[in-house]
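Engineer: Just so you know, the sequences run in chain order L and E. According to my numbering, the first sequence holds residues 98 to 437 in order. According to my numbering, the second sequence holds residues 98 to 437 in order.
Hints are supplied without guarantee of correctness; some may be wrong.
If several chains are the same, the list does not tell them apart, and a pair holds so long as it fits within one copy or across any two.
[As the list claims (entries may be wrong)] With a Cα cut of at most 25 Å, we get these calculated PhoX-like pairs of lysine-lysine:
1. Lys195 / Lys332
2. Lys332 / Lys223
3. Lys257 / Lys332
4. Lys343 / Lys319
Since the hints were derived computationally from the structure, they do not count as laboratory data. None of the values given here were measured: they were computed from a predicted structure.
Number of protein chains: 2
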Amino acid sequence: MKKYVILFVVTAFFVTVSCKNENSQTASSEKYQSDPLPSWNEGKSKASIITYVNDVTNSESPNFIPVSERIATFDNDGNLWSEQPAYFQLFFAIDRVKEMAAAHPEWKTQQPFKAVLENDMAELAKQGEHGLIQLVMATHAGVTTDEFDADVKNWIATAKHPTKNVGFNELVYQPMLELLQYLRANDFKTYVVSGGGVDFMRAFVTEIYGIPEEQILGSRIKTAFDYNNGNPVIKRLPELDFIDDKEGKPLNIQKIIGKKPVFSSGNSDGDLQMMQWAASNKYKSFMLYVHHTDEVREWAYDRESHIGRLDKGLDQANNNGWTIIDMKTDWKVIYPFELK
Amino acid sequence: MKKYVILFVVTAFFVTVSCKNENSQTASSEKYQSDPLPSWNEGKSKASIITYVNDVTNSESPNFIPVSERIATFDNDGNLWSEQPAYFQLFFAIDRVKEMAAAHPEWKTQQPFKAVLENDMAELAKQGEHGLIQLVMATHAGVTTDEFDADVKNWIATAKHPTKNVGFNELVYQPMLELLQYLRANDFKTYVVSGGGVDFMRAFVTEIYGIPEEQILGSRIKTAFDYNNGNPVIKRLPELDFIDDKEGKPLNIQKIIGKKPVFSSGNSDGDLQMMQWAASNKYKSFMLYVHHTDEVREWAYDRESHIGRLDKGLDQANNNGWTIIDMKTDWKVIYPFELK
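Whole structure, please, built from the sequences with the hints as guidance.
Structural biologist: Spelled out as structure tokens, the structure:
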């Protein structure tokens, strides 16, 4: 939950130019059968991934990694799906405030809710981090885990991205879906390790990414168990429990997975500590940064961005020889709908 | 971390009568091939387990459970291994204090360390919960996760139970090992969900239970990431982070697994909320309580015990028709070494 998210949500509501890609390419089914990464252009990034996987899964190789240690961790926002003009979870919070407003007449005069209801993003920005947390708590807490799950499922089924005009769940990266599948086919256990809310993600990403709920790590709020006369529920409380970002990523990986990743993929400085942790693995590890370079098909941003800033991470990736995906040249397509 | 643990550690040091079982039975290898639970006597407990598994894995059954939802959670202390005369992790803490004492001359005069070093368990008991937490923090924190892992591995390799005179890792329940294996053979994902320390367990139980580190949930202390000039470490801090007991069990299951168990096994009131949570599953679920009834081969205790008290849980199990293992009559053997 970052202060600057608010500043950028302004853009989300007023940008009207669609960046919809007109240059989609469809790989032939023949190609899919022979190439594990058909949406990737041939080049250094693709070659380095395939060389790594072939090496560490070859039992004759000195770099062979036992199956139980093949832990692959992926950031979500900006790494598996887009994150502009604001983290998609913020659109959920805003849409929920509007849905819930009828039951909360006081919100008409109470900030930050008033600003949301009036689409006054300049005012919302002024509410700062405190206002953002109020929005999140009002929309993510005060319900049971089952109720929240239903809220997210209902939202994702209909919500549209403000400029792409497709569902947020369609804005996942086709090349990364192929990479996840390729790693799993080679007995890697794929995880999401995101600063986003873990229960928000679990409500819908399993189906898209092929990653079960128990392999999704994220930020979370506190909860309480209520026996509820034999119909127990877990209630979501309006208090932060853990922020799965920066140092939080390796800490959460250690707490929950208990093993150091051998493959780690991210796109921002918030992923850097996870990368450093993977890079220190005694097994040969692979660090992959997605560099957002495609202002036509997706968005272009890095060192100066308030969302998904990639600055120190880019330096360390360059210095240490980590693989950096140039989205513009490395990826044939960005989104799955381009294949249709 | 319970106050009463201290009271019982007194017993650990002075009980000298060995309860070593002389009545071990060896099942023939022929029996093992045809019977998934060869160390279980025929009876209601065994039959109910097999009937349940056959039912919910039968795709023609109205009770069929999809593989992704076959989550089985097992308490550890008193459920997968013994827990008398004190939780085994406490013996680790005591042994570590003795090992570390040379580097801590101040402990000779400082409680609760003085009591441990002088084997003065009456005095240790007087130190109460505060003293116990001091012991735990001195022996479980102040090191990196790798160092702690090595500490536990070194300890378990040589430490002996005070009365059974075998390694603590030999005091696991053979019938439960078979049950874990049987469930996995039927595509259940088996988890440990214990009040014990998660990193303590991860150091050695994977090999014994066949449960990977990422499927072990437990209590934990706080941690910090240190980049350490390119050799990052995670440091263990002397502060509790989460107690995975009572309400903590369903909360931790929801946080980490994100799914309600369909099969849950425990032995104490500390497991009751986990049982209640599983019992509320929309899929047909199975609740299994281990009742310690065998004072000859193991220990006999329930409603009045300070370690592993089973009181409210026993009532609810009886009322709700949950399966209760009568250790004395249901299990042919208790420990794997009885089969040798």
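Engineer: Can you give the numbers of the hints that this structure goes against, from lowest to highest?
Structural biologist: Those not satisfied are hints 2 and 3.
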